[in-house]
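Given chain V, put chain B in place with the hints provided.
2 protein chains.
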Amino acid sequence: MNYAKMSEQELQKEYSAVKASYATAKEQKLCLDMSRGKPGEEQLEISLHMLDIVNSASSCKTQSGADCRNYGLLQGLPSCRELFAKMLQVEPSMVMVGGNSSLNLMFDAVSTLMTKPVKQGLKPWGEVANRKFLCPVPGYDRHFSITEYFGFEMICIPMTETGPDMDLIEKLIAEDEDIKGIWCVPKYSNPQGITYSDETVRRFAALKPAAEDFRIFWDDAYCVHDVNDDGDKLLSLYDECKKTGSEDIAIYFASTSKVTFPGSGVAAMAASPLNMEFFVKRFTNQTIGYDKINMLRHMLFFAATAEESDECKNAADKIYCGLIRHMGKHKEILKPRFNVVINALQEQLADTGTIEWRNPNGGYFVSVNVTPGTAKRVVALCKEAGLVLTGAGATFPLGADPADSNIRIAPTYPSVEELKSAMEVFCVCVKLAALEKLCS
Amino acid sequence: MNYAKMSEQELQKEYSAVKASYATAKEQKLCLDMSRGKPGEEQLEISLHMLDIVNSASSCKTQSGADCRNYGLLQGLPSCRELFAKMLQVEPSMVMVGGNSSLNLMFDAVSTLMTKPVKQGLKPWGEVANRKFLCPVPGYDRHFSITEYFGFEMICIPMTETGPDMDLIEKLIAEDEDIKGIWCVPKYSNPQGITYSDETVRRFAALKPAAEDFRIFWDDAYCVHDVNDDGDKLLSLYDECKKTGSEDIAIYFASTSKVTFPGSGVAAMAASPLNMEFFVKRFTNQTIGYDKINMLRHMLFFAATAEESDECKNAADKIYCGLIRHMGKHKEILKPRFNVVINALQEQLADTGTIEWRNPNGGYFVSVNVTPGTAKRVVALCKEAGLVLTGAGATFPLGADPADSNIRIAPTYPSVEELKSAMEVFCVCVKLAALEKLCS
Numbered sequence: 083m084n085y086a087k088m089s090e091q092e093l094q095k096e097y098s099a100v101k102a103s104y105a106t107a108k109e110q111k112l113c114l115d116m117s118r119g120k121p122g123e124e125q126l127e128i129s130l131h132m133l134d135i136v137n138s139a140s141s142c143k144t145q146s147g148a149d150c151r152n153y154g155l156l157q158g159l160p161s162c163r164e165l166f167a168k169m170l171q172v173e174p175s176m177v178m179v180g181g182n183s184s185l186n187l188m189f190d191a192v193s194t195l196m197t198k199p200v201k202q203g204l205k206p207w208g209e210v211a212n213r214k215f216l217c218p219v220p221g222y223d224r225h226f227s228i229t230e231y232f233g234f235e236m237i238c239i240p241m242t243e244t245g246p247d248m249d250l251i252e253k254l255i256a257e258d259e260d261i262k263g264i265w266c267v268p269k270y271s272n273p274q275g276i277t278y279s280d281e282t283v284r285r286f287a288a289l290k291p292a293a294e295d296f297r298i299f300w301d302d303a304y305c306v307h308d309v310n311d312d313g314d315k316l317l318s319l320y321d322e323c324k325k326t327g328s329e330d331i332a333i334y335f336a337s338t339s340k341v342t343f344p345g346s347g348v349a350a351m352a353a354s355p356l357n358m359e360f361f362v363k364r365f366t367n368q369t370i371g372y373d374k375i376n377m378l379r380h381m382l383f384f385a386a387t388a389e390e391s392d393e394c395k396n397a398a399d400k401i402y403c404g405l406i407r408h409m410g411k412h413k414e415i416l417k418p419r420f421n422v423v424i425n426a427l428q429e430q431l432a433d434t435g436t437i438e439w440r441n442p443n444g445g446y447f448v449s450v451n452v453t454p455g456t457a458k459r460v461v462a463l464c465k466e467a468g469l470v471l472t473g474a475g476a477t478f479p480l481g482a483d484p485a486d487s488n489i490r491i492a493p494t495y496p497s498v499e500e501l502k503s504a505m506e507v508f509c510v511c512v513k514l515a516a517l518e519k520l521c522s
Numbered sequence: 083m084n085y086a087k088m089s090e091q092e093l094q095k096e097y098s099a100v101k102a103s104y105a106t107a108k109e110q111k112l113c114l115d116m117s118r119g120k121p122g123e124e125q126l127e128i129s130l131h132m133l134d135i136v137n138s139a140s141s142c143k144t145q146s147g148a149d150c151r152n153y154g155l156l157q158g159l160p161s162c163r164e165l166f167a168k169m170l171q172v173e174p175s176m177v178m179v180g181g182n183s184s185l186n187l188m189f190d191a192v193s194t195l196m197t198k199p200v201k202q203g204l205k206p207w208g209e210v211a212n213r214k215f216l217c218p219v220p221g222y223d224r225h226f227s228i229t230e231y232f233g234f235e236m237i238c239i240p241m242t243e244t245g246p247d248m249d250l251i252e253k254l255i256a257e258d259e260d261i262k263g264i265w266c267v268p269k270y271s272n273p274q275g276i277t278y279s280d281e282t283v284r285r286f287a288a289l290k291p292a293a294e295d296f297r298i299f300w301d302d303a304y305c306v307h308d309v310n311d312d313g314d315k316l317l318s319l320y321d322e323c324k325k326t327g328s329e330d331i332a333i334y335f336a337s338t339s340k341v342t343f344p345g346s347g348v349a350a351m352a353a354s355p356l357n358m359e360f361f362v363k364r365f366t367n368q369t370i371g372y373d374k375i376n377m378l379r380h381m382l383f384f385a386a387t388a389e390e391s392d393e394c395k396n397a398a399d400k401i402y403c404g405l406i407r408h409m410g411k412h413k414e415i416l417k418p419r420f421n422v423v424i425n426a427l428q429e430q431l432a433d434t435g436t437i438e439w440r441n442p443n444g445g446y447f448v449s450v451n452v453t454p455g456t457a458k459r460v461v462a463l464c465k466e467a468g469l470v471l472t473g474a475g476a477t478f479p480l481g482a483d484p485a486d487s488n489i490r491i492a493p494t495y496p497s498v499e500e501l502k503s504a505m506e507v508f509c510v511c512v513k514l515a516a517l518e519k520l521c522s
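Chains as they are written, first to last, in the working numbering: chain V, 83 to 522; chain B, 83 to 522.
Calculated directly from the structure, the hints in this document are not laboratory data. Mixed in with the good hints there might be a few duds.
Intra- or inter-copy, both count: the list cannot distinguish identical chains.
Unchecked claim - Straight-line alpha carbon distances no greater than 16 Å define the calculated EDC-like cross-link-like pairs of lysine to aspartate or glutamate that follow:
hint, residue 1, residue 2
1, K198, E209
2, K458, D330
3, K395, E92
4, K324, E466
5, K325, E281
6, K101, E209
7, K143, D258
8, K413, D312
9, K417, D223
10, K95, E173
11, K465, E506
12, K205, E96
13, K363, E230
14, K214, E109
In this text, all values refer to a predicted model and were calculated from it rather than measured experimentally.
Just chain V, same shape as in the assembly:
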């Protein structure tokens, strides 16, 4: 029953019952860390063959005869550039394959713009005293940390069911040339799992920022990460930008961190010729090249995962088919876990009115809003009962959720059984925190 509709007496009775449940939950002595979006053991297992697929001198050679063990090919293996182009819906020539972390590529991109202007005549961002960045909220804490580190004022943009509030974005960037960029996770957004609508993507392509060096940081982290069979479709921002002639406005990022191994995947960025020329000037001075053997491992592994029945016109198609097939295996592992979370919320919390959430079709998280003013308390109660969640507020710049309401649930790492115990605890804590507030 909805707490808001309970009498004082009913509330007190529920409070006592929930306190008792919490005491019982604590006795379970749970010890579980759900603070980060870490793939679980079963997910790591399905990529194991990648480890020994490059195992001889001959397997280190690319089709064109380059030896992946040696120096060379600054922008990465051609096959790897093609794969990321498909994932990011851009051209292979626009892709630069980096190390193991797309976050690192994003950090470096901001870092580059801090000291160098992307076009002659402009100021480096570091020389813009009141530099600002738009942050759709709730969002990814590590995005916000980068712009915090580099001294940007961060402006929160509310998320809607179709993506960030475009009216607000259009208005703000048209007026203020100190606004230099926006963080976007356009597909299965972190944490809500929202995929930007076609209209939202088109409006991004049509943005008219006052700052010539305004850039959309298009972090397509979950581009192939469906959890449900009928996954979302994201329009190609690059295709839309071509139509409006605004190819320079976006920089694209992706990685295989949540495809193969989180610590040992491959990351890439993509950008228009003008942007890429600017970044390659840095890459040329920064490194002789990234780890090509690891790129090759990924390519051979995906190619080996494709099946006869896949319709592949060429080697690049085969690699992409293998990737999609591989993501199907992840889906089978993740779907039951997302179901545990959604079912627990539905069965244990829906009718109390203490929570709001949405059921995502993919990505890595379930985002919930608990009773305003209780998110920090819920996380603290969970911790006391042995369940570590992402810190409340982490989904907002500077860790400050004005409503103290949003919590990110990361269901991937625990086993299904552990997750069931964890959700029992979580639901009790959400109720308890709400009742503490209502009954105080």
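Here is chain B on its own, set in the frame of chain V:
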């Protein structure tokens, strides 16, 4: 016979003979790239077992049970930090293991200091209008490119047989607080193969710079790279710094790029607690962690390379013994190549007076000084005959060798037979360029 002592007639005769030799050399249609310090095929082969040594879920676990495939351990595997501590002669707690490139770590270190001060109250280097960097010459072109990219004025410091000219360094940095750092390759310097003397290291540790944020970039790229059996010994800069209380003055770098695979090695940096706290603030925002599976590959491979007869008190010793044993295999491959170069210079050029060089005990290069004003011409003549060398001047900031004399020879990549042909061509070109000058 020495060209300087030849009569006009003798010179003309020699000129004709050398021109004929060059014409013959061109007919060989050589096609060889010796422009970079790339390991050769035989060197790549000896690390091949590293590729499949991590091949199961259990082999991905560290001693403490961490799964190398997943996120975690920002500063790297403990065993890997210990290995780099031994290589760099510092403490394991000072080490941060990075991606595949120490150059990238150096670039990022300068980049960090450009936007943030290492200590409160100081200016970020980017705000120092006349920022300067000391560059021992001849030196490593990619070092100079980094400081060029970030807008430093580069001041050349002549190299001597014992390291850079310390009198000059001490004088300059005591006077000018805009001088923020110096590039050093202290063992088997690139390109000359000079190892800094004990006195030089002690003088580095005793430096009294005007700038509180002056830093020595101690790139120990060739710390275990002997070519002769009786290798050079480098004093530990960190130990000397402890004696003078100047632990904060240096940042240390190394990698396995020329130990295992150039594109897929492991790199590390080390620094005092004050410096490392500063850099870790950046790393924390820049990445969730570097590739730990690749670190593990290296550790297991070196441990497997150690032999029963090695005296190893513990696992870390065993890994280090394996590394040294592995470097012994490189030495066997490289020694004949260095001998080809040295013998060719000795036999074909020594008595002409057109060249000076030193015989290094290790490293990756032989540095030669040809007749002043002819280095560019020598490189051009070689190229015309199918032999690509490092560009003349590359060993100086902005590619500008004032004497147009220094050339870096990289003997590692070709086979011994190819190298013999290459050195034939090279020696002819050195003579031809000198004669063109003398006879014009």
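Structure-based check of all given hints:
1. K198 to E209: Intra 10 Å, inter 13 Å, cutoff 16 Å: intra and inter.
2. K458 to D330: Classified as neither; 40 Å inside a copy, 40 Å across copies.
3. K395 to E92: Cα proximity of K395 and E92: none, with 66 Å in one copy and 69 Å across.
4. K324 to E466: neither (53 Å within a copy, 44 Å between copies)
5. K325 to E281: Answer is within; shortest intra-copy Cα gap is 14 Å, inter-copy 66 Å.
6. K101 to E209: Neither. Shortest intra-copy (55 Å) and inter-copy (57 Å) distances fail the 16 Å Cα cut-off.
7. K143 to D258: Answer is neither; intra-copy 51 Å and inter-copy 51 Å both fail.
8. K413 to D312: Within one copy only: 11 Å inside a chain, 59 Å across chains, cut-off 16 Å.
9. K417 to D223: neither (24 Å within a copy, 52 Å between copies)
10. K95 to E173: Neither way: K95 and E173 sit 62 Å apart in one copy and 60 Å across, limit 16 Å.
11. K465 to E506: within (13 Å within a copy, 73 Å between copies)
12. K205 to E96: neither (60 Å within a copy, 59 Å between copies)
13. K363 to E230: between (25 Å within a copy, 12 Å between copies)
14. K214 to E109: Neither. Shortest intra-copy (47 Å) and inter-copy (63 Å) distances fail the 16 Å Cα cut-off.
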